[in-house]
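Trainee: Here's the letter readout for the chains.
2 protein chains.
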Amino acid sequence: MTLLIAALLAVQNAPPIVSPEAHEDRRVTFRLRAPKAQEVKVAGPELRGPLGGPSKAMEKDEKGLWSVTVGPVEPGIYDYAFEVDGLRITDPSSPHVFGNRRGSRGFLEVPGPKGSPRHDEWRDVPHGTVTAHWYASAVAGGARRRVHVYAPPGYAKEKDRKYPVLYLLHGSGDDDSHWTLLGRAHVIADNLIADGKAAPMLIVMTDGHVSVPPKEGEEAEARRARAAGAFERDLLDHVVPLVESEYRANAARDARAIVGLSMGGGQSLGAGLRNVDRFAWVGGFSASTRGWEKGVPGMTADAAKVNADLRLLWIAIGKEDFLLEQNRTFDAWLKEAGIKHTYRETEGLHAWGVWRRYLAEFLPLLFKPKD
Amino acid sequence: MTLLIAALLAVQNAPPIVSPEAHEDRRVTFRLRAPKAQEVKVAGPELRGPLGGPSKAMEKDEKGLWSVTVGPVEPGIYDYAFEVDGLRITDPSSPHVFGNRRGSRGFLEVPGPKGSPRHDEWRDVPHGTVTAHWYASAVAGGARRRVHVYAPPGYAKEKDRKYPVLYLLHGSGDDDSHWTLLGRAHVIADNLIADGKAAPMLIVMTDGHVSVPPKEGEEAEARRARAAGAFERDLLDHVVPLVESEYRANAARDARAIVGLSMGGGQSLGAGLRNVDRFAWVGGFSASTRGWEKGVPGMTADAAKVNADLRLLWIAIGKEDFLLEQNRTFDAWLKEAGIKHTYRETEGLHAWGVWRRYLAEFLPLLFKPKD
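Going line by line, the protein sequences match chains A and B.
Sequence positions in the first sequence follow the numbering used here and run 21 to 391.
Sequence positions in the second sequence follow the numbering used here and run 21 to 391.
Keep in mind the hints are simulated off the structure, nothing from the lab.
Here the structure is a predicted model, which means the values were calculated and not measured.
We treat Cβ as the ideally placed atom computed from N, Cα and C, and that holds for glycine.
A hint or two may mislead.
[To be verified] Derived BS3-like pairs: lysine-lysine, alpha-carbon spacing no greater than 25 Å straight-line:
1. K314/A / K360/A
2. K235/B / K179/A
3. K325/B / K179/A
4. K177/A / K235/B
5. K182/A / K177/B
6. K134/A / K235/B
[Stated by the list, open to error] Partial chain A-side listing against chain B, Cβ under 10 Å, derived:
7. E59
8. V104
9. R121
10. A158
11. V159
12. R164
13. K177
14. H206
15. S265
16. V316
17. A324
18. N327
19. W353
20. Y363
[To be verified] One side of the interface only, derived from the structure: several residues of chain A facing chain B at Cβ under 10 Å:
21. D105
22. P115
23. P131
24. T149
25. W154
26. S157
27. A171
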């Protein structure tokens, strides 16, 4: 046996660490084996309640196993990291990890009480499917791009039915995979559809980062503006046609909605309000609306037309969100311009727990028949 | 501004660490900021060549940034971890991480030379789609299970065409997501189909772990046997019918293949050889064949029938694989029993680099017309 295999077997034979462990009483234990570490903490912005602050110290036993038990923790999904002598790491014992543009983290899931699952937790209802598609985007200089599409339960069977479409956009750190991985959009939709609270719909999760090759002499700000324009072109020229050719999508304006979070909220409000001839339902979750003191650049600020065309303009933001002031400013402009909309300030940070709740509020508002 | 937000901004404002960084000359730099650590190494079984062993020490600069540059590294995909004072961690700076039953790790991708992509690397060819389905399995006591299905390029357009189906199974640490995430089955298939080397086919990646609720008084060995049987029942009673009802799958025996790796190789050889009336193409990659000195339990060892029914029986194993002896034993039994098969011993460990190569060898052998 080679040394390498011996080493692998030694690792496999060490007693496995279970971390995190959600107990029946909803307390949660985090564990890390680090005999040489001096100080280990667990940290997670949405866990600050149970942690009693941004992080909580873990304690070491005589075998070098650090642990701490916190809670009870409200049923939900929480990302977290460990801090080992100041080094921020992803829990190495947990399979529940994700990567994005900011590196990697772990996430913890606390189920709802027996018989009372969370709104974003699997239930015994019919499930839709989630498909990854790849396409070459001329807008992005021919680059290969990916989009995820949720098809509701029954889609494969009801071969003559056309479905409305929600375009659902992610934030700046993420990509098109995170609205299912962390956002549980497919689970939330399954549950609402099963309860008759939302219309069966396609949900298209597209990648909000479009690379545009640099131009010589172009300033950073100009390139950013070009990239922002490229997102909207990629959406309208590639993603919408892909969805409407590969799926039985209802291509009517009244059957098209767009919403996103953070950066994606700026993109959805921008693309929606600039294209009211294409999207009748528009929203922004904790949206980035920086610089919109005079409205969305490039939109037709004809309130009568916008009000006639839009079936919904829905904006929500957490009271502890660092984008709160931007949203207040944009809300004030919409009011001044006479554009009908819903503006809500809720509890919460700039975080996934808030966005999952917003999605569950938003889906039931969509695709209602006209009065 | 709350303390929490200040802390978040401080993290965001720290210069980002790029790790791993694959240079144009195919050398690779790993980096980790850990000012208080005494010893940091990078480790990865398939990187032992460039690392000069199972791991390689990294060096600390005056700012506490550890790094090491290795290589050139052969174009490929490699998993790796850092060891910080004996603590094995996932690279926190990289978005390219995955979790499985053994915890989490990072992975590094080294592209092929310009204009000469790897066989398992994206090329500018038509791409298929990958869909996640969820289903309730009566075999698993009603549990929700997931399966991933690759549909080849053109599937959505060629509405009258039926496709052959490969069932592709993962190893014991993984689940139904890893054959795409790490195995790149969809990319390998896209490339071979584009080159006319493999038939357009559906590839069904099912979850090999079926939970069976414990029975009182049952011994561990008996429960394992029941779980193994449950996998085959779940496959035949739930997965195959799901695929054949939701897809335009050719349900002929000659259009059904099954192969898997490690645990999944034992499952594919077992399910295949016990069900030659259902699968005409059967394989095992680095398969777990423990205890098969007298063949696959439950199979009809009628060589004439098996040879008449099977179009392919293909077994391959790396010479450094810890399952080598098991495979030699099973090969010897097949020879003795007079069952036609291909048996190959190749370079390599029990690792994904080997399985991606095997898949690329296996797909072109499938679904050939009879001479």
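Trainee: Against chain B, with CB atoms and a cut of 10 Å, does the hint on S157/A hold up?
Mentor: This hint is violated: S157/A lies away from chain B, its Cβ roughly 12 Å from the closest one there, beyond 10 Å.
Trainee: So if I understand the rule, the pair passes when the alpha-carbon distance is 25 Å or less; does K235/B with K179/A pass?
Mentor: Violated - the C-alpha atoms of K179/A and K235/B are around 43 Å apart, more than 25 Å.
Trainee: Are E59/A and chain B close enough, Cβ to Cβ, to be under 10 Å, as the hint says?
Mentor: Since the shortest Cβ distance to chain B is 9 Å, the answer is holds.
Trainee: Would you settle whether the hint for V104/A is holds or violated, based on the nearest Cβ-Cβ distance to chain B being less than 10 Å?
Mentor: Holds: closest Cβ of chain B sits about 7 Å from V104/A, inside 10 Å.
Trainee: When the nearest CB of chain B is found for N327/A, is that gap smaller than 10 Å?
Mentor: violated, 36 Å
Trainee: Keeping to a limit of 25 Å between CA atoms, is the pair of K177/A and K235/B held or broken?
Mentor: Roughly 37 Å between the alpha carbons, so the hint for K177/A and K235/B is violated.
Trainee: Does K179/A sit within 25 Å of K325/B, going by the straight-line distance between their CA atoms?
Mentor: violated, 41 Å
Trainee: Hey, does the D105/A contact hint survive, CB to chain B under 10 Å?
Mentor: This interface hint holds because 4 Å falls under the 10 Å limit.
Trainee: Quick check on the hint: P131/A CB to chain B CB, less than 10 Å?
Mentor: violated, 13 Å
Trainee: Given Y363/A was flagged as interface, is its beta-carbon under 10 Å from a beta-carbon of chain B?
Mentor: violated, 22 Å
Trainee: Can the hint on A171/A be confirmed by a CB-to-CB distance to chain B that is less than 10 Å?
Mentor: Since chain B brings a Cβ to about 8 Å from A171/A, closer than 10 Å, the hint holds.
Trainee: Measuring from the C-beta of A324/A to each C-beta in chain B, is the shortest one below 10 Å?
Mentor: Violated, because the Cβ-Cβ distance from A324/A to chain B comes to roughly 40 Å (cut-off 10 Å).
Against the hints set out earlier in the document, violations occur for numbers 2, 3, 4, 10, 11, 16, 17, 18, 19, 20, 23, 26.
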